[in-house]
Amino acid sequence: SNQKVVEELKRALIECKKEADDMYMQTSNLWEKLCVSKSFSVRKKLLLRRPSKKLKRKGMPWLW
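The opening residue of the sequence shown carries number 1394 in the numbering used here; numbering runs sequentially from there.
Bear in mind the hints are in silico, worked out from the structure with no lab data behind them. Glycine included, C-beta positions come from ideal geometry on N, C-alpha and C. Just so you know, not all the hints are guaranteed correct.
Listed next, with one range per pair, are the computed distances between beta-carbon atoms [what the hints assert, rightly or not]:
no., residue 1, residue 2, range
1, E1425, A1405, 26 to 32 Å
2, K1426, R1404, 32 to 38 Å
3, V1398, Q1419, 39 to 45 Å
4, K1426, V1399, 39 to 45 Å
5, L1427, K1397, 44 to 50 Å
6, S1394, E1425, 42 to 48 Å
7, W1424, Q1396, 40 to 46 Å
8, S1421, V1399, 28 to 34 Å
9, Q1396, L1427, 42 to 48 Å
10, W1424, K1397, 28 to 34 Å
Derived lysine-lysine pairs resembling DSBU-like cross-links, with alpha carbons at most 30 Å apart [claimed, not checked]:
no., residue 1, residue 2
11, K1426, K1410
12, K1397, K1411
13, K1410, K1397
14, K1411, K1426
Based on the provided sequences and hints, a complete structural model is requested.
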């Protein structure tokens, strides 16, 4: 029955990785859209905006 546990763990890990990859793709797509966005002023506002403490607390310092 040990083998069963190993299989379950493997499957769970693969699921996790797939989800993480999806999230990463969505985020990069979002940034690409933002970067090629025609409305330069919006982009400038977003870039000038101070990073919110909430986001930094959530562990997303990579956004800034």
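Right, here's what the structure says about each hint:
1. E1425 to A1405: 26 to 32 Å: holds, 31 Å
2. K1426 to R1404: 32 to 38 Å: Distance hint for K1426, R1404 holds at roughly 33 Å.
3. V1398 to Q1419: 39 to 45 Å: With Cβ atoms ~32 Å apart, the hint is violated.
4. K1426 to V1399: 39 to 45 Å: holds, 41 Å
5. L1427 to K1397: 44 to 50 Å: holds, 46 Å
6. S1394 to E1425: 42 to 48 Å: holds, 47 Å
7. W1424 to Q1396: 40 to 46 Å: holds, 42 Å
8. S1421 to V1399: 28 to 34 Å: Once the Cβ atoms are compared, 33 Å apart, the range 28 to 34 Å for V1399 and S1421 holds.
9. Q1396 to L1427: 42 to 48 Å: holds, 47 Å
10. W1424 to K1397: 28 to 34 Å: violated, 41 Å
11. K1426 to K1410: holds, 24 Å
12. K1397 to K1411: holds, 21 Å
13. K1410 to K1397: The hint holds at about 20 Å.
14. K1411 to K1426: It holds: about 22 Å lies between the C-alpha atoms, which stays within 30 Å.
Violated hints for the displayed structure, listed by number in ascending order: 3, 10.
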